[in-house]
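In the order they appear, the protein sequences are chains D and B.
Residue 31 in the working numbering sits at position 31 of the first sequence, with consecutive numbering throughout.
Residue 134 in the working numbering sits at position 134 of the second sequence, with consecutive numbering throughout.
Incorrect hints may have been included.
Going by beta-carbon spacing under 7 Å, a handful of chain D positions derived as facing chain B [unchecked claim]: (1) A29; (2) C127; (3) L128.
No lab work stands behind these hints: they were computed from the structure.
Quick reminder that beta carbons are idealized off the backbone N, C-alpha and C, glycines included.
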Amino acid sequence: MKREPSNEAAGCRQGDAPDWEAWLDAHGARLLLYARQQTRTEADAEDLLQTALVQLVRTVEGGKFRMSSAQWPAYVISCIRRDACDLYRADRRCRASAAEAAEVAPKVHEDTPWLTSAADAAHDRLCLETALRAMRPDYAEVVVLRVWQELSFREIAEILGEPMPTIASRYRAAMQMLRQQLTPDFLDFS
Amino acid sequence: MIADDSEKLSPLRAHSPAAMPSALRARLLSAMKTASAEAREAADMAELYQPTPLRSNQHQRFLTAMQAVHTYPRRRYRAWWAGSAAAVAAVAVSLVIWWPQPTQVPAMGPKPVAPRVTMTRQVFGADASSHCDTFLMEGEDASRLVIRVSEKQPVLLPDDVI
C-alpha cells in the first residue's frame, strides 16, 4: 500500500473546491487507525477523528491553510493527537480514584480490529495487533505513523515535537521488539 | 538516519488499516460537508460585507491613541521615579535638620578659676575669699562688681578697679 503520489487524484487541486468524499476514502482508514491507537475506546476514536476532520475543512475552506493538500493528513494527525491529550487530561481530572482509572484501562479496543489482511494471514494480523497494543504507546505511535501513515521521520518529529534522532531510535527499538515477539517466518524485515 | 525501508516493511504493510465502517464514513462526510458549507458561507459574507475603511482623520486619531498607549507605561514609570527621588530627598533634608545634636561632654581636668575670683584676690589679698560669700556682676553691661562679704554691708567697688 503506497501513498497516492498526488492528491489531485482525490480531487484536491489547489484553488478548486476539494472533493472531501474522495479525500476521505483515500485517507480515512489510516487516520482512523491512528485515532484508535491514540484512544481507549472506539467512540473516542471516532469523535476525535470527526473533530479533526471538521477542523481541517474549516481551515482549508477558510483560506487559513496555505500548505499543499499532501500535508493535510499530517495536520489531521496533529489535531487528533492534541485532542487526545486534552481528552485524557480532562478524563484524569474527572475520575475520582486510580481504581476507576484501572477499571477503564482494559477496555482498549478489545473487539475492534485495527488492521485487515488476507484470509490466510489472519493469525499474523492478530499477532501483529497484539504486539502493537502491548508495546509502549510512544513506540507504537512511531510505528503506526511510519508504517501505515507513511510519514517521513522529519514529519513524525514535527508532529510529536521530538528531535528526529529520538524518533529514529524509538522506531529501531520498536522494530526490534516486533522481531522478538513475532514468529520468525512472519517477519523478515531485518 | 534510517534509510528507506519500504521494501523491508512490506510484510507489515501487507496488513492494511481496517476499513472505515460505512455508518462512520457517512457521519464523517456529513460533518465535513456541513463544516465546508459553513466555512464557504462565512467566506462569502466576509467578501460581501467589507469593513468600512477608516477616514483620514480617524486614521490619524487612532494612530495617536495607539502611540499614546504605547508610550503610557514609560511616562508612568518616569513619574514614579521622579516621585521616589523627591521623597528620598525630603527625608534626607528632614534628617539633617532634626538630627539630635550630641550633648556637650564636660572637659576633664581642674576647673578653671573664675576671672572675677582672681580679680577679687588681687583687690582684697590672698585671704579675701574666706571673707566673701558671693561675687555679683551688676548693671546691663556688667560694669559693676558687687562683693557680698559676710557680716558686712555690700561693698561697691569703683569702675576703675574692675
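Against the structure, the hints:
1. With its C-beta approaching chain B no nearer than about 4 Å, D/A29 sits inside the 7 Å limit, and its interface hint holds.
2. A hinted interface residue such as D/C127 counts as satisfied when its beta carbon comes closer than 7 Å to some beta carbon of chain B; here the least separation is about 10 Å, so the hint is violated.
3. Interface hint status for D/L128: upheld, as the beta-carbon distance to the closest one in chain B is roughly 6 Å, under 7 Å.
Going through the hint list in order, the structure does not satisfy hint 2, though it satisfies all others.
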